[in-house]
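Sequence lines, in order, name chains A and B.
Counting the first sequence from 1 gives a position; the working numbering is that position plus 1.
Counting the second sequence from 1 gives a position; the working numbering is that position plus 17.
Hint data in this document are derived by calculation from the structure and do not stem from the laboratory.
Heads up, the beta-carbon is just placed ideally off N, CA and C, and yes, glycines get one too.
Each hint should be verified, as a subset may be incorrect.
Some chain B residues judged to face chain A by a derived CB distance under 10 Å, without partners named [unchecked claim]:
no., residue
1, Pro-42
2, Asp-46
3, Gln-48
4, Pro-49
5, His-65
6, Cys-67
7, Ala-72
8, Cys-73
9, Thr-74
10, Glu-89
11, Lys-100
12, Thr-105
13, Pro-106
14, Thr-107
15, Val-139
16, Glu-143
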Amino acid sequence: MRDHNADTRSLFLRLVDGGRISFTPGQFISVSLTLDGDTRVRPYTIASSPYDTDAIEICFNQVPGGVGVRYLFERKVGDELQFTGPFGAFTMDRAPERECVFIAEGTAIAPIRPMIRRALDAGTRPALSLLYAAPDSSHLLYREEIERWSKEGVDFVPVLAGAAELYDRLIAEVQRRWIDADSDRTRHFYVCGVGKGVLRLRDLLRGAGYERRAVHYEQW
Amino acid sequence: MAKIRVIFESGDPERVIEFNPADAPFHHDGQPGSILDVLLGNHVHLEHACGGNCACTTCHVIVKSGFNKLSESSEQEEDLLDKAPGLTPTSRLACQAVIDDPDAELVVVIPRYTINQISEGVAKPEP
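Only chain A is shown next, with the shape it has when bound in the complex:
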């Protein structure tokens, strides 16, 4: 268990039967929650890497009315969680061959983190950029790790912006850096976040001439 800040926590989960969870960077598990006698499933992206030990990490933050995260915040070390998975099509199945731009906000860094680690593990790797937004620096998660990535050559672009202007700022950065700056349209993009802003970024990139299948996204 790790508290990133006042409202963001990671749980490290180990299978009760001692096995390992095999997954692809970007995938999530689907946790069964029993609340008021009603069983619901809620997805939580695996923030750790397949290269890690046999525990997997899920990362989540408090949201108004979020019954799933409330349930998870109440879990204690040693409690049992029922889940299925892994699932999800927002994945990086193999080390990238083209320049990659990763775009995330807040806890949506979770699927991006194992993707970047996979990309960094490749022998010969293309240019990698991370455009990462949060309302304040305490919500830019995994900062020490990101600093290490920077030293390994990842171009890290932090954006601090409140919810109302967060996607406007991301869109402006994308427009300036990867649309107006050159005519290269061979890059791959991996975008993860909450709300319709993710779809605005998708439309911007595809509209600018990037291949549909090169613009990967997951909207929560």
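Given the coordinates of chain A, work out where chain B should sit on it, guided by the hints.
The following block gives chain B in isolation, referenced to the frame of chain A:
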């Protein structure tokens, strides 16, 4: 009343659900009034690993009849369907396909592999 006939490739017995789209379940996962919402509200199990948020393909269904009675699919749904195993021209994600027409009659097949790809586990948080 609208009607959905649900066929399970797994061999489970068919189900027929009648409902009024104007007030059909609404309180379950997926878009309000979607196939997923209606099925779950009528105690028909359909996988929806992402909670009905259009972020996976586990609620993939094949619409055998009544396809044009459903809401149009979004680009996001189409992007995901591209990755669904066993895709057909009348595939939809049940969480996104909304039934508005009170006279709609649908036949929906739940593919076998939707169930087969699920693996279950129990995990404990560690310090």
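Outcome of the hint check:
1. Pro-42: Violated, because the Cβ-Cβ distance from B:Pro-42 to chain A comes to roughly 13 Å (cut-off 10 Å).
2. Asp-46: 7 Å, holds
3. Gln-48: 14 Å, violated
4. Pro-49: This hint is violated: B:Pro-49 lies away from chain A, its Cβ roughly 16 Å from the closest one there, beyond 10 Å.
5. His-65: Given a least distance of 7 Å, the restraint on B:His-65 holds.
6. Cys-67: For B:Cys-67, the interface hint holds, since the closest Cβ of chain A sits about 5 Å away, which is under 10 Å.
7. Ala-72: 6 Å, holds
8. Cys-73: Holds: closest Cβ of chain A sits about 5 Å from B:Cys-73, inside 10 Å.
9. Thr-74: 6 Å, holds
10. Glu-89: 15 Å, violated
11. Lys-100: At 4 Å from the nearest chain A Cβ, B:Lys-100 passes the 10 Å test, so the hint holds.
12. Thr-105: Interface hint status for B:Thr-105: violated (17 Å vs cutoff 10 Å).
13. Pro-106: 19 Å, violated
14. Thr-107: 20 Å, violated
15. Val-139: With Cβ-Cβ at 5 Å, under 10 Å, it holds.
16. Glu-143: 5 Å, holds
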